[in-house]
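A.B. asks: Heads up: the protein sequence lines correspond to chains V and D, in order. Start counting the first sequence at 2; every next residue gets the next number (this note's numbering). Start counting the second sequence at 2; every next residue gets the next number (this note's numbering).
Watch out, some of these pointers could steer you wrong.
For identical chains, the list gives no copy identity; a pair is met inside one copy or between any two copies.
What the hints assert, rightly or not - BS3-like mimics (lysine-lysine), calculated; alpha carbons at most 30 Å apart, straight line:
#1 K46 with K78
#2 K167 with K114
#3 K114 with K124
#4 K124 with K78
#5 K167 with K117
#6 K78 with K47
Note that these hints are calculated values from the structure, not bench results.
2 protein chains.
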Amino acid sequence: MNTRSNFDQSLKELKALQLKMAGEAETAIKNAMLSLLNQDIELAKKVINGDNLIDNLEYEIHEKALMLIARQSPVAKDLRRLHVALRVSSEVERLGDIAVNIAKSTVHIGNEKHVKELIDIPKMMEMALEMVTDAITAFYSEDQELARKCAEKDDQVDEMFGDLVKELLTYIPQNPDFTNQIIQLAFVCRYIERIADHSTNIAENVVYLETGNRFNLNA
Amino acid sequence: MNTRSNFDQSLKELKALQLKMAGEAETAIKNAMLSLLNQDIELAKKVINGDNLIDNLEYEIHEKALMLIARQSPVAKDLRRLHVALRVSSEVERLGDIAVNIAKSTVHIGNEKHVKELIDIPKMMEMALEMVTDAITAFYSEDQELARKCAEKDDQVDEMFGDLVKELLTYIPQNPDFTNQIIQLAFVCRYIERIADHSTNIAENVVYLETGNRFNLNA
Numbered sequence: 002m003n004t005r006s007n008f009d010q011s012l013k014e015l016k017a018l019q020l021k022m023a024g025e026a027e028t029a030i031k032n033a034m035l036s037l038l039n040q041d042i043e044l045a046k047k048v049i050n051g052d053n054l055i056d057n058l059e060y061e062i063h064e065k066a067l068m069l070i071a072r073q074s075p076v077a078k079d080l081r082r083l084h085v086a087l088r089v090s091s092e093v094e095r096l097g098d099i100a101v102n103i104a105k106s107t108v109h110i111g112n113e114k115h116v117k118e119l120i121d122i123p124k125m126m127e128m129a130l131e132m133v134t135d136a137i138t139a140f141y142s143e144d145q146e147l148a149r150k151c152a153e154k155d156d157q158v159d160e161m162f163g164d165l166v167k168e169l170l171t172y173i174p175q176n177p178d179f180t181n182q183i184i185q186l187a188f189v190c191r192y193i194e195r196i197a198d199h200s201t202n203i204a205e206n207v208v209y210l211e212t213g214n215r216f217n218l219n220a
Numbered sequence: 002m003n004t005r006s007n008f009d010q011s012l013k014e015l016k017a018l019q020l021k022m023a024g025e026a027e028t029a030i031k032n033a034m035l036s037l038l039n040q041d042i043e044l045a046k047k048v049i050n051g052d053n054l055i056d057n058l059e060y061e062i063h064e065k066a067l068m069l070i071a072r073q074s075p076v077a078k079d080l081r082r083l084h085v086a087l088r089v090s091s092e093v094e095r096l097g098d099i100a101v102n103i104a105k106s107t108v109h110i111g112n113e114k115h116v117k118e119l120i121d122i123p124k125m126m127e128m129a130l131e132m133v134t135d136a137i138t139a140f141y142s143e144d145q146e147l148a149r150k151c152a153e154k155d156d157q158v159d160e161m162f163g164d165l166v167k168e169l170l171t172y173i174p175q176n177p178d179f180t181n182q183i184i185q186l187a188f189v190c191r192y193i194e195r196i197a198d199h200s201t202n203i204a205e206n207v208v209y210l211e212t213g214n215r216f217n218l219n220a
């Protein structure tokens with residue numbers, strides 16, 4: 002194989018590893034949400050203990066990408082491609098951390114009956130997860146259009162976050178014994194809002210890859 | 002100049018840029034805290050608007066580090082040095098984001114009188130800022146000992162976070178009208194706890210640089 006096809010083959014392997022990592026992070030987030038909804042402490046602990054795998058994948062991706070830069074001295078878009086691979090894997094690692102944070106909130110709440118049925122939190126999560134899927138797909142297929150579409154949803158998640166926290170707080174005066182649970186749920190809303198932010202960051206990296214210019218799609 | 006001294010000179014310039022970036026992030030955090038304590042909305046807005054500078058520095062550092070890898074093909078510890086430079090600048094960028102989050106909480110609270118004098122929050126912040134300083138110094142001087150010392154403080158900050166949020170919640174039943182402010186203060190405690198986490202991450206990178214092995218100093 003010549004150098005170019007070596008490079009392309011290495012890039013392909015790197016991308017496969019990144020897809021694997023993104024899949025692990027998505028599963029962790031979904032399981033964290035399920036653990037919260039079903040008050041499934043065992044599942045929450047599984048999410049917490051599984052985060053090491055995602056952290057290790059990030060290191061593996063970083064090391065492979067840097068070795069590739071050192072060995073092949075890519076320029077222009079090829080160098081940007083590897084830059085973006087580094088940045089996106091760091092964003093995905095943060096998604097894994099957020100899954101852990103949500104799982105920890107599940108553990109904090111424990112078996113205490115929910116102050117109300119959780120309806121809007123999973124709705125907000127659904128929207129944030131759509132953004133994750135769009136951002137990863139846009140990254141994988143280098144699709145600027147989809148990246149911009151993904152980032153557009155961020156405002157909606159922000160709005161839901163504000164409304165949801167406001168609503169949650171109204172439950173406290175009538176349910177002072179549930180204050181701890183309610184604050185944990187407010188934290189969860191904040192974590193979901195962060196999932197949307199990290200998805201937007203991934204989308205921005207897709208635009209950077211194509212144009213070489215940084216855009217703040219989140220402004 | 003030979004290649005080695007070229008490389009060393011470039012590394013030196015990169016580190017100077019990183020120190021500048023870390024200084025900006027520290028100032029942003031301190032100003033965010035001041036804006037919260039003094040209910041200084043103007044200062045909070047300055048922090049929010051100033052974050053672009055920190056984001057741009059991160060990109061500049063990433064681009065310089067990757068160009069250096071592509072041009073000089075460093076190996077072993079030199080390659081790790083640049084890997085760590087990339088990772089540390091991303092952690093510092095998150096510190097800038099946290100300053101923005103705290104400043105946004107200041108804006109949310111606005112001019113509403115504080116439900117109580119803020120004493121423990123600045124104490125917790127003081128400890129987190131000590132960790133930032135130690136982590137950055139350890140990074141700059143490649144001082145493993147200091148990196149480990151820094152990471153040891155993380156548990157104390159975590160404990161303060163738990164205690165503080167618990168205490169904050171006790172104010173809600175007697176002060177239901179202050180619920181929104183109290184939840185903002187709980188978020189601020191969470192942000193400070195994240196500052197300690199990012200400092201620990203920087204410290205872990207210093208240990209990785211020296212040993213080539215990843216350590217979870219935060220476990």
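A.B. asks: For each hint, tell me whether it holds in the structure or not.
C.D. replies: Hints, one by one, checked against the model:
1. K46 with K78: For K46 and K78, the Cα distance exceeds 30 Å both inside one copy (41 Å) and across copies (36 Å).
2. K167 with K114: Intra 21 Å, inter 19 Å, cutoff 30 Å: intra and inter.
3. K114 with K124: within (20 Å within a copy, 35 Å between copies)
4. K124 with K78: neither (38 Å within a copy, 47 Å between copies)
5. K167 with K117: Cα proximity of K167 and K117: in one copy and across copies (15 Å, 21 Å).
6. K78 with K47: neither (39 Å within a copy, 35 Å between copies)
Hint violations for this structure: numbers 1, 4, 6, all remaining hints satisfied.
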